[in-house]
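> Dock the two chains into a complex; use the hints.
These protein sequence lines map, in sequence, to chains A and B. Residue numbers for the first sequence, in the working numbering: -1 to 112. Residue numbers for the second sequence, in the working numbering: 2 to 284.
Be a bit skeptical, because a hint or two may be false.
Quick list of the computed label-pair ranges, beta carbon to beta carbon [to be verified]:
| # | chain 1 | residue 1 | chain 2 | residue 2 | range |
| --- | --- | --- | --- | --- | --- |
| 1 | A | Arg2 | B | Pro236 | 34 to 44 angstroms |
| 2 | A | Asp108 | B | Asp237 | 32 to 42 angstroms |
| 3 | A | Arg29 | B | Ser67 | 40 to 50 angstroms |
| 4 | B | Pro236 | A | Arg29 | 27 to 37 angstroms |
| 5 | B | Ile251 | A | Thr5 | 31 to 41 angstroms |
| 6 | B | Asp226 | A | Thr5 | 38 to 48 angstroms |
| 7 | A | Thr5 | B | Ala47 | 52 to 62 angstroms |
| 8 | B | Ala132 | A | Asp16 | 18 to 28 angstroms |
| 9 | B | Ser67 | A | Asp103 | 47 to 57 angstroms |
| 10 | A | Arg2 | B | Lys122 | 35 to 45 angstroms |
| 11 | B | Glu170 | A | Thr5 | 32 to 42 angstroms |
| 12 | B | Arg209 | A | Gly71 | 50 to 60 angstroms |
| 13 | B | Trp142 | A | Thr5 | 52 to 62 angstroms |
| 14 | A | Asp103 | B | Leu136 | 13 to 23 angstroms |
To give a feel for the contact side, a few chain A residues facing chain B, derived at Cβ under 10 angstroms [claimed, not checked]:
| # | residue |
| --- | --- |
| 15 | Met19 |
| 16 | Gly22 |
| 17 | Glu25 |
| 18 | Glu28 |
| 19 | Leu30 |
| 20 | Ser54 |
| 21 | Gly55 |
| 22 | Asn82 |
| 23 | Gln84 |
| 24 | Arg85 |
| 25 | Leu90 |
| 26 | Pro97 |
| 27 | Tyr99 |
Below, simulated BS3-like cross-link-like pairs (lysine-lysine); rule was C-alpha separation at most 30 angstroms, straight line [unchecked claim]:
| # | chain 1 | residue 1 | chain 2 | residue 2 |
| --- | --- | --- | --- | --- |
| 28 | B | Lys123 | B | Lys110 |
| 29 | A | Lys91 | B | Lys223 |
| 30 | A | Lys91 | B | Lys281 |
| 31 | B | Lys281 | B | Lys110 |
| 32 | B | Lys110 | B | Lys208 |
| 33 | B | Lys122 | B | Lys83 |
Simulated from the structure, these hints should not be mistaken for laboratory data. We treat Cβ as the ideally placed atom computed from N, Cα and C, and that holds for glycine.
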Amino acid sequence: MDVRQETRVGHLILTPDDSLMCGGRAEQFERLLQEVIAAGQRHLIVDLGAVAHADSGGVRALVRGHLTVQQQGGRLALANIPGNVQRVLHLLKLDTVFPIYDSVDGALSDVAGT
Amino acid sequence: MTKPVEGTPKSILVVEDDRGLRIALTRLLSQDFRVDDAGDGTEALARLQNGAYDLVLLDLGLPGTSGLDILSHLRNGSAAPKVIVMTSDDTPQTLLRAVRGRAWDYIVKPFPPATIPDIVKKALASDGSLAIEVLSARPEWVELLVPCSLEIADRLQGFMMRLDADLPEAVRESVGYAFRELLCNAIEWGGKLDATRKVRIAYLRAKRMLVYRIADPGQGFKMDDLAHSAISNAPDRPLDHMAAREEMGIRAGGFGIFMVRGMVDELLYNEAHNEVVFVKYLD
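Chain B on its own, in the form it takes in the complex (with noise of 0.2 angstroms):
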């Protein structure tokens, strides 16, 4: 594989054996990007030996060389192309096999042509060198090591949602509330948003309950130096710790790990408060 030239339009390549979707999504794409098209596995590999790629849109069920063999052939080579996975299969297998494969994003079909330009610009605008590294990829023990860039929350979140899809709507919301708050916390706080710096995230799903850990890099905390932190507040003075807030010379906010107490079952801190760990029940 070669690198793509600086400074021309950025180039993707759409592999989707679906005619249909494939001339769609070529069609909208071609309107901002140059865009090469392949049916197949075999038809792929062979553009991508011959030709540099920003980005692969890339369906997974394709008849021939499958798609995920392909994700694993491009993350050995030199210039690996940023890629998108497309597919039907949305069982965690699959997702973390997607993940595996260091791939941007997970889009589970059917899904409107129209909202992929959009997907395709915010992801080739995003930093390619944010990699999550998978430790453990089992469906009921997943384990990653991700850079403390809040960039990567987003894409994170939408992972580990997708984990969760068979359980309510409600509960995935209020996880994925939790999830998030508390990522971006241990980034921003624990890892000082220093993307050589890692937060190690577990979750563990067993038949009535969803853990997920989050550790990371900083020193903690103390539970009695948070008077800059809405839990601090007496409960019908939703904003008193503004006041500390000011005093420290620390813009508004301090609402994420109360936020989370109202989401969860269970919030536990590790002695030093930079490991975390909430509890969601089943039933």
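The shape of chain A in the complex, shown without the other chains (with noise of 0.2 angstroms):
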């Protein structure tokens, strides 16, 4: 799986290009996700938009991002959810605790205020 890391103000957008399941690439991104915090990285938006699947291994990745970087005083939000990643975070009620937004570019305004 490729995770592709792009910078836009001032946040760190990380683009999975595959689904979040356990067995290998849902632990690959929760390493990616911790490594980058403890780089510094506060500011974090996960495109969700190439991952068609998560499974109870993605969602960790997901929530142990959230509450490591909200231990930094940092935020990780979530954006371009595909229907069935949706349901499972309604289902687990996670998108009452991550702030999600439809693009990239409705989360990057939120931040700006525009």
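This is the structure in structure tokens:
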């Protein structure tokens, strides 16, 4: 799995190109999130547009990223979430935990207050 | 059959009677591998007799010797290559024969040839010793014994979801998620990721319901001890269990059982909690 990284308006945007499932991909993404936070990133947006599915391993990666960056005074937002992943987040009531946006631009506009 | 030589490019045999598809696959795979091809079963058997292959892409509907016969021949050899089956026959009977023949994956035609190199690379990188043992292969009663390795979860979910190909997508998706979650739990917590230990899986398809049973080799657990799981949370406090996890020194997580409970109609554990059954009603 590849994860594109791009910095815009002081935010690191991470775009995984595959589903986040236990058994490799979810764990890989979990490690990457922890690494970028440990390296000092405090404002993260995860673009889930290419993540067709996420199981509990994928959810764990996102929640752990959220908790870790929150402890550092930062924020992890989710953008561009496909229907299957939205259903999982809703089932787990996690759509009340993460800041969620229709698009990365929407997330950046919200931060910029426009 | 001889064994492939270590350190040389991986070798692939493409067995396909559709000339156009055979040429397309051979060209695509030749960029990274040493590739031979065969247009029928007899030619394939001759190639396998004389050469050593790491992987065979095998069409099932071949003239002469069928693909399933070749699969069975390969299983009786001493250095069996991994096999990816390609077929337009996606009936449960054929799928189960392929699983019993230890096919690594099962691809339903038509498919874009460009997707094949990634599937081949994934198969070649996988642990060839992780075999799925078929105990019962009736379409309405499938029973399997699988090693406790997460690597096998993807493959198995793919196989099992194809058994339900006739069901609405939403049902297949819920069942697939639930099965995978419980399988991963059984492999990780029950089997401790020890591939020498086995998880036993049963799938029953009745007229009005689907039943899955997953039995792991562990000691089980007590529901009262699951303060670190999301199932213990109040409805409006989805992360409360994280405090218990932190206290126990375990990383964030604990969503699996809660997810499954929301996706199936019934979720039942045995007394020791090392066997679980879930039911999905179909009407």
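> Could you tell me which of the hints above the structure violates, numbers in ascending order?
Result: hints 2, 10, 14, 19, 23, 26 and 27 break, sorted rising.
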